[in-house]
Each structure stands twice: as C-alpha cells, then as structure tokens.
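Trainee: The primary structure of each chain is shown beneath.
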Amino acid sequence: MIGNDLLGIEDLPREDIETILATAERMQEIGTREVKKVPTLRGRTIINLFFEPSTRTLSSFEIAGKRLSADVVNFSVSNSSVSKAESILDTAKTLDAMDPDCVIVRHGVAGVPKRIADVLDAPVINAGDGYHEHPTQALLDLLTVHQEKGRIDGLTVAIIGDILHSRVARSNIYGFTKMGAEVRVAGPPTMLPSNVEALGVKAYTSLREVLEGADVVMALRIQTERLEGAFFPSIREYSATFGLDRAKLRYAKDDAIVMHPGPVNRGVELSHDLADHRPSVILDQVRNGVALRMAVLYLLSGRPSRAKAKDAEG
Amino acid sequence: MSRILIKGGRILDPSENIDRQADLLVEDGRIAALGPDLKVSGAEVIDAEGCWVTPGFVDMHVHLREPGQEYKEDLASGGKAAVAGGFTGVACMANTDPVNDDPSVTDYIRSQARKDSPARVYPIAAATRGLAGEVMTEMSALRDAGAVAFSDDGKTIMDAGVMRRVLEYSKLVGLPIIVHAEDCSLVNRGVVNEGPVSTRLGLPGNPTAAEDLQVARDLMLAKLTGARLHVAHVSSAGAVALIRRARDEGVDVTAEVTPHHLSLTDEATSGYDTNTKMAPPLRGAVDVEACRAALADGTIDVIATDHAPHAVHEKEVDFVEAPCGILGLETAFPVVAELVREGRLSPLELIRRLSTGAVQILDIPGGNLAEGSEADITIVDPERRWIYDAAKGYSKSRNSPWDGQEMLGRVVATLVAGRLIYHCDRGVLVP
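Going down the list, the protein sequences come from chains A and B. The opening residue of the first sequence carries number 69 in the numbering used here; numbering runs sequentially from there. The opening residue of the second sequence carries number 147 in the numbering used here; numbering runs sequentially from there.
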C-alpha cells in the first residue's frame, strides 16, 4: 500500500502506481452515475492549500473529494497576499491544528509540499510544486494512456516543449519510465534542463526525430508571456519548430495519441483542429483526473491519521 | 602576575613551521615560554594532553549583523560564537544596516566590539558606497578608521570599469579588495548549483560558469592594475584553475574557501532544507574535490566560514524566498579537521589555513606562537566527539546544516590576549 504522502513520482514504487491506477479505474464508474456520490470519506476534512492560482487542478481535487462525501475546504493563498516574512511552516501548523484528514498543496517553488509534509500529521498530496513534480497529473496521464493503449510497458512517449520549467514533464518522465515505457523529450535547447538525460530520457531538439515511432505525444504548455524573447525568439518560431499539427504528427506512429496537460495555447503547442479532435485525448485526461484524484484521496485519507496510527501502535 | 600553563599539547605554529610536543606558558597576556616540561609555580594549568595548541584561528569572512540586524546576530553573540569556535579574530563584512561605507560605521563597529565581543573584530569596509557597485568609498579614511580590507561581499561589482578603478585606487591604501565573484546575469534566479541536482529538484540553477566568468574578469583586472585581489568563498573547479594559473603568472591574488564548500555537495539540498542555501551554492563532487586539492596545494590560502546568521522565521520559507547563508563559526574546526583525517593536509598546514593565512592577507597581529607575542591561542582536541545543537550555540541564529549532527574534533579552549575566554566545559567566560 502506498505511503503517507504523495509528494512525487520519483520515490513512488511501481506497485503503488499500479494500486492507484487500479483504484482509479474502479472510481470511474461513480462519475457515470446519476447520483455521483459515495459515502466513503464522509466526516473527513480535506484542505486544498493553494499558494498558486489554479482553476483546473483545484476544481478537480474539489470534485473528487465531494464525490467521496468529504468536506472540502479551499484555502487559497495567492503569492502576493502572503507576507514575505510569513513562514510556510506556520501556515501548515495552523492548518494542522484544525485536524484535517488530508492537505493538498500547490506552490510555485519546488519542495514546499515536502517541507509541509515534514511537519504535518495529515497526509500531504503535492498538487504541483515549482518545476519539480505534479504527481496526480502524471498518474492521470498514465491512466489515460493505459486505457487508450491497453498497456504502458514498451510504449514510446515523446514529451515536447518547455521541459525546463515543467513539473508535468518531470513527473511523467518518472511515471512512464517506471511503468516500462521509453521516454523522450524535445524542445528548444534553452528549455531542456541541464543534464536532463540523468532523469532517464533521451533528449532531442528535432521534432521529427522525437516523433519517430512515438505511441504517445505529449505537448506541454508554453508560458508565452514570461518566456518569449528570453527562452525562444517568438511564438511564431516556436509554433513552426515545436508546434504540432496533423501534418507533423505523421512522423509519429499511425495510431499515436496526443496529450496536453492544459490549458492549451491554441495555434502554439497544438493546432486548433488537433486540440479538439482525435487523436487528441485532452478531455479524457480531464475526466480521468477526477477519478484518479478520488483514488488518491481514498487511499491516503480513508484511513486513520498518522498521529492516531502511532497511538494505536502504543 | 597572571600565569597560564598549557601542558602536554602538540604545539603547531605555522609561522615558524613548528610541530612538536611542548608546554606553553602565558604570562601577563603574552607568550612567555615554550618548552618541554616547564615548571612554573602559581600558574593556572590547562591540560592539553592529546590536543593541538595553535595560534588563535582568524576568520576573515563573517557577517556579524551589527549595526542594523541585531535580531540575527550582534557583536556580542557573534564574538562569543567566534571564540567558541576557536576564532580569536574575525573580519566582518560591510553589508550591515547602515552599510559600513563610512568611517563612522567602521568606528562604531570597532568601539562596540571592544566592549561586547570576546574575539577581536576587524571591520571590512564596503568597496562602493551603499554596496551599489557604482561609486568607490573613501578608502583612505576607512583605513584610518580601522578597516582591514574592502568588499561589497554579497554583491558583485558588475561594472568592469568601476571594478578596475576600485582595484587601482586600493593601491593608495595597500589593502586587499575582496570579491564575491558571481556574474549576476548568469546567476539570474538560480538558487542551487545548475546540474543534475537542480534538474531533479526542479529548482532554478546557478551555473559554475557564473563564478568562473567573474573570477576570470577580476583576475584580468588585478593583472591590469597590479592591485591585491582576494577571492572570497571559491566554490568551482573552474575558478580554482583560473586562480592557480593567475598565481603562476604572478598576479597578486589570494583566495579562501568555506568549510561547507569543502565538505558538502549540492546533494545536501535534496530535502529542500533552506539551511543548504548559500551563495555561491553548494556544488558538485568535482568542484568540492577541486577546492580540497587547491587548499592542499596552497592555491587557496585560507579557510573562512562566511558565517551568515539568519533568523529561523527567515529561513522557514520556500527555497527561492529564503536568504542565502549559514552559520559557520562554531562548526568550522570539526568540519575541516576531516581533511587531516583523510590525509589531505597535515595538522600544521590546516592550522596555517585557519590562522596564519588570514593574518598575512589582512596584515593583522596574531598567527604565531612566538615568545613575546600577544597570547591569542586555540586549543583543540581533534579526536573528541560531540553533538552540535544550534539552539544551544552562542550565535543568535540556528541556520546550520550540521544542526543535531555528531562532530569529530572539538575546540577545548580559546585564549585572547592571554585570557582564557572559552573552555568547552565552562562555556564563554565573559562577564
């Protein structure tokens, strides 16, 4: 069974990934019912502690918690309103005193969920930390690919775009590699992190080469406002060299699927047409995200808290 | 007449290349005699069996935070931490509030330190006004007020034209310019060493090239001007190689390395502990090895701690937001004593880099055990084990990556001007 927290995929054993995916497949059925609610986590309190603005991930966790009948509280602290001197650990301890059963943390800087987990009794789920990890995104991507392809082992996955600033890339690299897929990354050299191959991937700067033989093509969102001019010369050039459309997709396998963690910059990472239609599976990713997060919440908060477990051990 | 007899120790005096068993007698604040089995009546005896008896350590790079940031450290707490770490003298950097860019601030630090600090305190004045890297400070007046060197430490003078004039002008006063060498545009937002670790942790990287580039520039300017350059906290293999080559070419350059850059790699940041965040950052194993080799072969002259206290609440924030720097004074000796155990340095050479080296660079008293000298003496037991508890240390702050760890090698006693001012069993002995 999986550990106390879900902080990243790097340290998550393959068996735990399999457990989470299998649980998520069972959760999917709940979303198809007329009454989309089960009493599993009734009386449990889940806190969404988001230091970074988010609508998609926050809503996904909130819906997941509510479908399991948990009380979900959103504690959004935008970076600007946190005083510079405020200690994150203070915030965490304050929340801990309210006895939550699970705390979901998102922060713009790597490592914050771990630091919070170090002081909290409640399980902590990392909902994205800086450029580090976004484990539930990778797990929902694994679930989506598994359902599309019937397997993960032996597949070739190409991740394209801003690898340097992407927590989605890191988590997916660890996740797909652990499940037996070959992972490749590609992007402008300015957006490939130093020593990226140490993560167990092959790095490319040619879209054509990275797509050759790929079963899964994952485009990452480019932060156009912040990076244009510094990391790549222009959106036009990015889109011409790394943007995907149906013509370029022909370099990949015939039955390749296209994924994107959203929100898509249409016409930049993906052509408008590709964003909306097969072989892209973007909305399946979103749908699976709810089931996957239900599974994680169930596995982590559906049991006695750490402090109580310690008491029970005597 | 006050007498202290230090019995049975191993005398290590790098200034005379002395390494032998002997007793040492201190009389009225001065070293009175050195020899086997000294018989003295009425002396306080310190048993130094199994210990090294050395000239007082001198740390040429500390931040004592007074004036202005006394909640982190002040001259009293920093001075106590110094003597508890075996340092009888420390040189404090200019990034106080107000900045030490005016003789009145230098004078304030000196007079406060005389009252409050058990260790000798040597102010380093700013090289440019307000550490802004634009207008040079009044070096002559600052020297007269007691400054021993000039530095904008914590910041880099990015304008090469300004740096050239600062170096050139410093020849008027004959004091070294100490540089914090990191190219700001390359550091950018980097907070950890750029490489496999920054990639894995998802933290913005700071490449070694940022340090190499700046060291290269400053060496060229030192060559151009003939001024005395001292490179603070060298951390990269590239910077080491550049300094080695410049020394061979006769450039008047000296350099220091910190205990943390000699002992920890960027892997220490794996748990995101902000007490592993400093500038320059902890580097890769190749860089650590290059620093050790350079310290051993003399390319790097000095071990300096860059003691940088920050309050707990300042460090309990995310890794990007957290200020740079860690405590160093109270843990320096055990951390660097490892180099002797590994056979990288002889005890005598280690003490040279902890004491005599900085004395020579700053041209201050100390660094020897000659008869007649003021008795600044450190006694250390290289084999004694102890647990470092930052909360119980003398610094006001606790930001140490070694907090709670077992240390091997302990400062037993520290004498300043012949007075026993610290003993490990009795603590700091000041009123």
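Source of the hints: derived by calculation from the structure; they are not laboratory data. Just so we're clear, the structure is a prediction, and the values are computed from it rather than from any experiment. Even for Gly, the Cβ is constructed at its ideal location relative to N, Cα and C. Honestly, I wouldn't trust all of these hints.
[Said to hold, decoys possible] If you want a taste of the chain B side facing chain A, the calculated C-beta under 8 Å gives, among others: (1) Leu180; (2) Leu184; (3) Leu332; (4) Gly336; (5) Glu340; (6) Leu347; (7) Gly348; (8) Ala414; (9) Tyr418; (10) His459; (11) Glu462; (12) Phe465; (13) Asn514; (14) Ser519.
Trainee: Now tell me if each hint is right for this structure.
Mentor: Hint-by-hint comparison with the structure:
Below 8 Å, beta-carbon pairs count as interface contacts, and B:Leu180 has none with chain A, the closest being about 52 Å; its hint is therefore violated. The restraint placing B:Leu184 at the interface with chain A is violated, with a minimum CB-CB distance near 55 Å, outside the 8 Å limit. Given hint, B:Leu332 at the interface with chain A, is violated; its Cβ is 13 Å from that chain's nearest Cβ, farther than 8 Å. At a threshold of 8 Å, the smallest CB-CB gap from B:Gly336 to chain A is about 11 Å, leaving the interface hint violated.
The interface hint given for B:Glu340 is met, as the beta carbon of that residue sits about 5 Å from the closest beta carbon of chain A, less than 8 Å. At its closest, the beta carbon of B:Leu347 sits 6 Å from a beta carbon of chain A; the interface hint therefore holds under the 8 Å criterion. Taking 8 Å as the C-beta contact cut-off toward chain A, the hint placing B:Gly348 at the interface holds, the least distance being around 3 Å. Interface hint at B:Ala414: violated, since its Cβ lies 13 Å from the closest Cβ of chain A, which is beyond the 8 Å cut-off.
Interface restraint check for B:Tyr418: the shortest CB-CB distance to chain A comes to about 3 Å, inside 8 Å, so the restraint holds. Among the interface hints, the one on B:His459 holds; its C-beta lies about 5 Å from the nearest C-beta in chain A, closer than the 8 Å criterion. With a cut of 8 Å, the hint placing B:Glu462 at the interface with chain A holds, because the nearest CB-to-CB distance is about 4 Å. For the restraint placing B:Phe465 at the interface with chain A, the shortest Cβ-Cβ distance is roughly 5 Å, inside the 8 Å limit, so the hint holds.
Interface restraint check: B:Asn514 against chain A, minimum CB-CB distance 46 Å, threshold 8 Å, status violated. Because the smallest distance between the Cβ of B:Ser519 and any Cβ of chain A comes to about 47 Å, over 8 Å, the interface hint for this residue is violated.
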